[in-house]
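Undergrad: Take the sequences, apply the hints, and build the full model.
Residue numbers for the sequence shown follow the working numbering, so the first one is 1 and each next one is one higher.
The set of hints was computed from the structure by calculation and includes no laboratory data.
There may be inaccurate statements among the hints.
Result set (SDA-like, lysine to any residue): computed pairs, CA atoms no more than 25 Å apart in a straight line [to be verified]: (1) K73 to D62; (2) K156 to F242; (3) K201 to E157; (4) K43 to V251; (5) K21 to R79; (6) K156 to K201; (7) K135 to R147; (8) K34 to D45; (9) K43 to V15; (10) K222 to H196; (11) K44 to K21; (12) K106 to Q146; (13) K201 to R79; (14) K224 to H196; (15) K156 to K240; (16) K222 to K112; (17) K73 to G22; (18) K90 to V155; (19) K210 to G109; (20) K7 to K43; (21) K87 to I123.
Distance ranges between label pairs, derived from CB positions [stated by the list, open to error]: (22) K7 to I175: 42 to 50 Å; (23) Q14 to E172: 39 to 47 Å; (24) L213 to K112: 26 to 34 Å; (25) R228 to S18: 41 to 49 Å; (26) T217 to G22: 27 to 35 Å; (27) N88 to N250: 51 to 59 Å; (28) S82 to Q255: 46 to 54 Å.
All C-beta atoms in this analysis are idealised placements derived from N, C-alpha and C, irrespective of residue type, glycine included.
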Amino acid sequence: MNLTELKQILREEQVQPSKFKGQNFLIDNNILDKIIKSADVQKKDNVVEVGPGFGSLTFRLDEVAGNVLAVEKDNRIYRYLSEQKFKNTKVICHDILKIGEPELLKELGSKKFRVIANLPYSITSRFIRRFFEFKHQPRDMVLMVQREVAERMLVKEGDINLLSLAVNFYSEPKILFRVSPRSFFPEPTIESSVIHLANIKPQFKVDPAKFFLVARTGFSAKRKQLRRNLAKFGLEKVDKAFEKLGIKDNVRAQQLSLQQWVDLVKHIG
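TA: Okay, here's the thing in structure tokens:
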């Protein structure tokens, strides 16, 4: 789908792209081809596509995947997509942040699946964490996200945050390529990146619930010393863990490495 085709559809469907909804439609066929090639989608794959828009990527997925579930929140766009002739694709109108896991998997018809998404950038963190918390997690995720966010996802030490902790705890992340604003209509003000979150499962031998309870507590006040934030777990226990792991008393949550977080949770979680 090129810009001329998209503008014609927008006119016919009387749709004005919403900045509030983060609607920037992908119109670069080279980028669409790179996504399909990089994702290496096979006929055996069940794919959940989130944010299909007017189907520029959906039609390609329909050709190469065995089963595609396209989840579109905007009812106007859903009506257009639902009228298209797909071979292997089912389109539903739903908010991906609100649909329950059982309902989503029932619509897909499988508990084994992959996720491919061109997300509104405002929901990136919530979207990723939600799928990580599924009982039946996706095999992997290929996501179009803001470039700076993608780069921060790869951080394992130095300036870590809750999102990078989650991404590296649950997956093996890799940035595949950058995407120029010119590849979209309307053009966003920032660059994008396509990132692959591979091998989704806990990467460390520590209980995920305990890990993120401690991590969220530690990040609850980023300007405060981590030791004070974790006081609810018992200062004596925290101090002993810090001493054993060689962590300074004045350290803040974002200054620990991923491995230090894992070790810390094992001692106080």
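Undergrad: Each hint should be assessed against the structure and marked as holding or not.
TA: Against the structure, the hints:
1. Under the criterion of a C-alpha separation no larger than 25 Å, the hint pairing K73 with D62 is consistent with the structure, at around 19 Å.
2. Under the criterion of a C-alpha separation no larger than 25 Å, the hint pairing K156 with F242 is consistent with the structure, at around 19 Å.
3. A C-alpha spacing of about 20 Å is found between K201 and E157, which places the hinted pair at or below 25 Å, so the restraint holds.
4. Proximity of K43 to V251 is assessed by CA-CA distance (about 49 Å); at most 25 Å being required, the pair is judged violated.
5. Among the hinted pairs, K21 with R79 is consistent with the structure: their alpha-carbon atoms are about 17 Å apart, no more than 25 Å.
6. Note on K156 and K201: the hinted pairing holds, with a Cα-Cα distance of about 17 Å set against a maximum of 25 Å.
7. At most 25 Å may separate the alpha-carbon atoms for a hinted pair to count; K135 and R147 exceed this at roughly 29 Å.
8. Taken as a hint, the K34 and D45 pair is honoured in the structure, with Cα atoms around 18 Å apart against an allowance of 25 Å.
9. At most 25 Å may separate the alpha-carbon atoms for a hinted pair to count; K43 and V15 exceed this at roughly 33 Å.
10. For the hint pairing K222 with H196, the CA-to-CA distance comes to about 28 Å; that exceeds 25 Å, so the pair is violated.
11. Restraint check for K44 and K21: the C-alpha separation of about 33 Å exceeds 25 Å, so the hint is violated.
12. Taking the CA atoms of K106 and Q146, the gap is near 31 Å; set against the 25 Å cutoff, the hint is violated.
13. A threshold of 25 Å between alpha carbons decides the hint, and for K201 with R79 the separation of about 35 Å lies outside it, so the pair is violated.
14. For the given pair, K224 sits about 33 Å from H196 by alpha-carbon distance, which is inconsistent with the 25 Å threshold.
15. Note on K156 and K240: the hinted pairing holds, with a Cα-Cα distance of about 24 Å set against a maximum of 25 Å.
16. With a C-alpha separation of about 37 Å, the suggested pair K222 and K112 falls outside the 25 Å cut-off, and the hint is violated.
17. Between K73 and G22 the alpha-carbon distance is near 12 Å, which keeps this suggested pair within the 25 Å criterion.
18. Restraint check for K90 and V155: the C-alpha separation of about 36 Å exceeds 25 Å, so the hint is violated.
19. Between K210 and G109 the alpha-carbon distance is near 32 Å, which puts this suggested pair outside the 25 Å criterion.
20. Under the criterion of a C-alpha separation no larger than 25 Å, the hint pairing K7 with K43 is inconsistent with the structure, at around 32 Å.
21. Annotation: proposed proximity of K87 to I123 is violated, straight-line Cα distance about 30 Å (limit 25 Å).
22. Our hint of 42 to 50 Å for K7 and I175 is violated, since their Cβ atoms are close to 31 Å apart.
23. For the hinted restraint 39 to 47 Å between Q14 and E172, the CB-CB distance of approximately 43 Å keeps it satisfied.
24. A beta carbon spacing of about 29 Å between L213 and K112 agrees with the range 26 to 34 Å that was offered as a hint.
25. Separation of R228 from S18 is about 42 Å and conforms to the stated range, judged on CB atoms against 41 to 49 Å.
26. Distance hint check: the CB atoms of T217 and G22 are about 31 Å apart, consistent with the given range 27 to 35 Å.
27. Evaluation of the 51 to 59 Å hint for N88 and N250 yields a pass: the beta carbon distance comes to about 56 Å.
28. Distance hint for S82 and Q255: a CB-CB separation of about 49 Å, consistent with the stated range 46 to 54 Å.
In summary, the numbered hints that this structure violates are 4, 7, 9, 10, 11, 12, 13, 14, 16, 18, 19, 20, 21 and 22.
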